[in-house]
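Input sequences plus hints: build the corresponding full structure.
Sequential numbering of the sequence shown, starting at 1, is according to our numbering.
You may find that some hints are simply not true.
In silico EDC-like cross-links for lysine to aspartate or glutamate, where the CA-CA straight-line distance does not exceed 16 Å [as the list claims (entries may be wrong)]:
1) LYS99 to ASP35
2) LYS145 to ASP125
3) LYS145 to GLU129
4) LYS99 to GLU19
Hints are computed from structural coordinates only; laboratory data are not their basis.
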Amino acid sequence: MRTAPATQEDVWRVLEAVEDPELPVTVTDLGMVQDVSVEGGRVRVRLVPTYSACPAIDVMRGEIRRRVLALPGVEEVSVDLTFDEPWTMARLSERGRAKLAAYGLSLPQRRLAEPAPCPYCGSTDTVLENPFGPTLCRALYYCRKCRNPFERFRPPAQ
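What follows is the structure, encoded as structure tokens:
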């Protein structure tokens with residue numbers, strides 16, 4: 001039985017399993033974790049939200065809190081939001097990008113007005129069907145080449 005207190009590595013390992021409830025990607029692959037600090041039995045995780053009004057952020061904070069508290073020696077967990085540096089697409093890991101593409105989600109580089117490559121056939125002969133998708137961070141598109149609808153991850157406001 002382990003009696004040593006939890007380490008930063010232990011916390012990062014736990015965070016690698018916490019998924020965004022709206023996307024099939026972990027908070028680490030999304031690049032949402034700004035930093036982790038461990039002092040004795042106290043753990044602090046700082047998150048950068050993908051959108052300031054993201055409705056899933058409280059679910060993710062609760063899941064992080066629950067999982068980190070399950071680590072040996074952890075008595076207190078704070079999951080704080082930070083807006084010091086805005087979240088951008090550049091924070092996504094390559095694994096996160098691949099998971100989102102496999103899910104059928106196109107990723108813009110900077111703006112919604114840029115051509116949206118179809119995640120199924122790669123064509124940019126696509127059209128914005130609706131800027132409002134099933135969540136705040138997604139828009140609905142249609143590919144004229146393969147005739148598939150798809151969602152595009154919306155870039156945060158600039």
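### Query
Which of the numbered hints are not met once you compare them with the structure shown?
1
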